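S.K.: Going line by line, the protein sequences match chains A and B. Everything in the first sequence is counted per my numbering, starting at 1 for the first residue and increasing by one. Everything in the second sequence is counted per my numbering, starting at 1 for the first residue and increasing by one.
Quick caveat, the hints were computed from the structure, so don't treat them as lab data.
Chain B stretches covered by chain A per the calculated footprint, using a threshold of three residues with CB under 8 Å from any CB of chain A: (1) 54 to 63; (2) 86 to 92.
Here are the in silico distance ranges between beta carbons for each label pair: (3) A:88 / B:129: 16 to 24 Å; (4) A:51 / B:136: 56 to 64 Å; (5) B:202 / A:142: 28 to 36 Å.
Keep in mind that this is a model prediction, so the values were computed, not measured. All C-beta atoms, glycine included, are put in the ideal place defined by N, C-alpha and C.
Take a look at the letters that make up each chain.
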Amino acid sequence: MSEWWTYTLSDLLMFSTATYFRLFELQNLALWPIQVLALAVGSALLACLWHGGAKAGRTAAVLLALAWLHVAWRYFAQRYATIHTGAPYFAIGFALQSVLLFWLACRPQGARLIRPIGSLGKLALGIALLALIGYPMLAPLGGRPWTQYELFALAPDPTVAFTLAALLLWRAHWTLWIVPLLWCFISSATLMELHSAQAWVLLVLALPALGARWLAATRAHS
Amino acid sequence: MDGISNKRRMLAGAVLASGGYAFSKPLLAAPGALLTRPIPSSGERLPVVGLGSWITFNVGDDPAARAHCTEVVRAFFAGGGRLIDSSPMYGSAQAVIGHALAQLKHPPGLFAADKVWIGSGARGPAQVDASRALWGVPRFDLLQVHNLLAWEAHLRTLQGMKAAGRLRYVGITTSEGRRHDELVRIMQTQPLDFIQVSYNVLDREVERRILPLARERKIAVIVNRPFRQGELTQALAGQALPGWAAEIGCSSWAQVLLKFIASHPDVTCAIPATSKPAHALDNMLAARGPLPDTALRRRIVADVERRT
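Please build the complete structure, drawing on both the sequences and the hints.
M.R.: Have a look at this one:
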């Protein structure tokens with residue numbers, strides 16, 4: 001359709017900032033007490049990243065794959081789709097990333113995590129901690145009701161942020177970075193259009209992760 | 001503030017405080033008769049202020065937000081409103097309007113205006129049926145081709161529906177000044193009852209070609225983005241109304257902005273969107289009382305340009 005060029009992001013975002021963040025509140029209310037399980041899974045993932053190795057790496061890949069699938073289904077397909085016509089496509093993207101993570105878990109040695117030592121390890125653990133603990137605090141810090149918290153495995157942004165940390169420690173192939181980085185761009189653009197102060201958070205986490213991955217790849221080849 | 005404005009504000013407050021509105025007799029009849037304009041192709045008259053649903057009514061299945069939107073629609077009808085406009089592009093807005101209309105037991109006088117927005121001409125009728133089901137109305141009064149998307153095919157469909165008595169009016173829309181050259185060509189060559197364009201105190205490009213052509217071709221004009229998506233009302237918020245606002249019975253900047261649009265003789269109806277019942281009532285007050293003359297219109301432009 002040649003007419004698509006006439007649309008801008010602001011034309012396609014047909015909801016208000018209040019409606020967007022209210023989605024998280026509705027989801028949190030509807031899914032309670034699954035948040036307890038999500039925090040347990042997140043803590044287990046954090047332990048996997050800390051421990052390192054092939055077995056922990058495989059476990060992490062499986063848990064993250066489940067988290068991506070859960071977000072695709074419960075958030076994008078069931079929640080975001082009620083206000084955004086593009087949400088089903090986002091659901092497909094997240095389901096695709098879930099498949100890639102399962103594939104990673106199945107590859108012999110493919111999901112081996114490096115020990116989180118040195119600056120790369122600290123960066124990865126820092127991003128993971130922020131994804132798990134920092135993200136839920138953005139709602140009250142941004143002046144929104146705390147009930148609108150965004151939690152790992154329930155909301156897309158903290159799930160993607162956590163995945164960036166794992167991708168770093170897996171030294172994952174660039175294929176696994178595509179969907180998370182695309183979402184970083186989409187989410188930041190959306191939040192900027194909604195004039196949200198947290199628009200930069202995901203980009204601020206993604207850029208150093210991307211830089212560290214690029215540096216690691218450069219060193220491996222030299 | 002003048003007596004009339006105080007009276008309007010008190011009346012609006014009383015209506016909102018009562019929490020209920022009568023549909024048969026608009027409660028805000030006191031400040032003057034409802035200003036209406038004829039649809040040129042039929043002579044049917046419409047209030048000069050309608051209700052848009054872009055962004056504000058896309059609240060998904062949130063029960064609290066849906067109840068709030070119902071109150072907006074209730075206030076709109078209480079103020080004498082008739083035309084509600086939506087689109088399949090607006091997410092859940094059509095379903096939320098349908099919910100509100102059902103809650104309010106389908107207020108009489110509704111003028112249901114929707115759009116067809118799909119790249120495939122063949123899928124247009126199915127989309128119209130789906131939209132109608134969401135609204136819960138037996139038929140639409142007006143269907144418009146949204147943003148000129150696949151307009152040739154959709155106009156054929158809509159004209160066919162009109163000829164079969166399943167639709168009363170056919171239109172086409174654009175927004176934010178896009179594709180005006182193409183809109184002009186369509187207006188010159190196609191039989192249209194309505195066009196919908198963006199027009200406000202600061203964005204007046206349509207005054208040059210589109211509005212005169214609409215008059216010449218006897219096409220009704222619906223105006224979207226009257227507040228520039230809230231940008232104008234936010235910029236003017238907190239600024240005292242100039243003395244001339246009292247001359248046209250305005251007690252808010254929103255009313256001034258709407259009266260500026262409604263005072264253009266070629267405009268049929270402006271469709272501000274709001275998520276607040278009080279604002280819906282306030283907007284409807286712009287459809288009553290005197291309108292600015294040419295000299296005051298110039299002054300409004302100058303004042304708003306200076307303040308924003």
